[in-house]
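Asker: As a plain string of letters, each chain reads:
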Amino acid sequence: MSGIKFHPAELILSVLVLRLVIAAFFYHPDIKSQYYHAAFFKTGIINIYEFLQFNRTRLPYSDTFNYPPLTYIFLGSWQTLSSVISGPGLDDWLSDWSDRHLYNPDLFFYLLLLKLPYFIADFLILKLLISLVSPPRRYPLALLWLFNPVSLYAIYAVGQFDIIPALMTVAALTLAPVPAAFLLGLAASFKTYPLLLIPFLLLHTRPYPKALFTGVAALAGWGLPLLPYLYSTAFRQTVFQSSLGGRIINPGFVIFYLLVLGLSWYRRRSPDLTWDFFTVTLGVLLFSRFHAQWAVWTLPFVCLLLIRLPRLYPVFLIVLFSFFAVIFLLPDQYVLLGLFTPQNPYLATIPSLVSLIPKRDIVNFLIRRLLLVSGLGLVFSTYYHVSKITKT
Amino acid sequence: MYQKLLKPEIITVLYLLSVLLFLAVITCFGLRRIPDSAQHRGDTITSLHRGQDIIQEVVPRNNGLNTVLIFFKNPNLGNTDRLIFSLSLPGGAELRHIEISGRNIGDGETVRFQFPPVPDSAGITYLLTISTPDTSPGTPYPLSVAFSSVDAYLPGRVISPAGMTGDLSFQLFYAPVSRGELVADLWHLFLPRVLSLHLFLTTAFVLIFGFRFLRFCISRIPEDR
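Line by line, the protein sequences give chains A and B. Heads up: the first sequence begins at 1 in the numbering used here, then just goes up one per residue. Heads up: the second sequence begins at 393 in the numbering used here, then just goes up one per residue.
These are calculated hints, taken from the structure and not from any lab test. You can take every hint at face value.
Here are the in silico distance ranges between beta carbons for each label pair: (1) B:Asp543 to A:Phe321: 47 to 55 Å; (2) B:Gly500 to A:Ser232: 29 to 37 Å; (3) A:Phe365 to B:Arg495: 24 to 32 Å.
To be clear about the criterion: a stretch of chain A counts as covered by chain B if any three or more of its residues have a C-beta under 8 Å from a C-beta of chain B, and this derived list gives those stretches: (4) 113-126; (5) 138-144.
Please read all numbers here as calculations on a predicted model, not as lab measurements. Positions of the beta carbon are idealized from the N, C-alpha and C atoms, including for glycine.
Generate the whole structure from the sequences, applying the supplied hints.
Answerer: So this is what it looks like as structure tokens:
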């Protein structure tokens, strides 16, 4: 990378233009669904789970809200502010579940407005990542983070909020164990997966009695926002039975997780948890039927490791290719073609890509195996490197 | 060479061009049908059997009618009889005829009847007929379709079953005859939305605030490397 001039103004302008275009012109129904539920926050509804349990049959959109409460409060707060900025049109659009919602004259404006918080989280992650590497590696890291297709796809095109808990997990890397644990707990109140990272933090906490405080801090960060909801059956049913329990925890992942925990124990004297966080979050992609946005969980850690180990780029590219192949071959209109519907609403009528592929089961099987093998390759080659550092 | 490609502005242009190219390709070569008109309400269910055909009048808005979507229920996937779809003129001339088996119809499935485009279909009244001549009236597993309980489709009415006041739930599609007209149509939909004042102000805010914020975030990248 040496020899490339760093022009901050050109970098910033390119980054902003790219994000503005993708955020405004791409649409996935999930963002509408999440903000539709979040819009109830400004009407004073705090327990959205119970509200939906009793009222969703008479609402125009009858799905449940499956995320922990901080997500509802966060999205609800932003939706409240957005509806002040936009006027009543935003609420009307969020409540419009007819075919006409793609023809709304302010569609691009609404999409951009609703995705604005993700810009801030995205750039804050970059700031944290830069602080974790040596000066010569900072510019390549910035390019890698700002222009990688995964975050452009999952954060700006699909419009998922996973960048918020991801920011907290990266921030946890930069903090002392107790505040880091609290932050991971808090992140788990947005999406449950950071709970998987806490045992690694405990394992690496020195001296060991301090691990007790670390555990309490994690419990406090996770439990405090959940406390007012625990009595609610609707909350327990929708949140605790969703992603972490139902989709991530499976025999393959459990074995992998225990193996990683063992490897982490072996290098427990190292305070650096980048590899551990990277491996667990990547493991979720390797062993479960994942959603595209789950890749954002592992992305910051992948970037950190790749910048330290540039020889692993070819393996990373295979992981990246197989990740997108798995996603684009899902039988879901909105993983690819449907995202373009704000520009061309008729694209919703084209069948998903997978329906055009003969012997799709075999293709899917091969692509998933490629992801698994290349992902495990990335895990163990990076472990070889970090364990060498620990020994020296 | 590759170092030149790694310039931020080059990467940005490559991303945007590839997105634009993809959109152009799928719009020009991928689109086989475009929504025409529809009756989405389906609050009542009516079963099909020999002697009880469903006949609905429809009036497409565009030329090139080539697809009709109809919602079916087939509880326990129990019905495996022949299902006949036909499109005809009120005078009786059958224009299109499709036969499928109940085996291919799920419970709560929208079935697509696709046929060669009817060239001058705009504004003409057609009859959609669905029949199951092999299903006896007493069968425990009839196929059924959804209807609105009220007259929800003003251009046409139900001919059969007699006495039905609502309309069949259906969607019509047409084949884009001219790609140029299609692109012009999309451009007219796109342009006013891009020129919105709200979007302009939000973009300006993001550029101004984002510029300062991102400069703060990358302040630790050494200028001189």
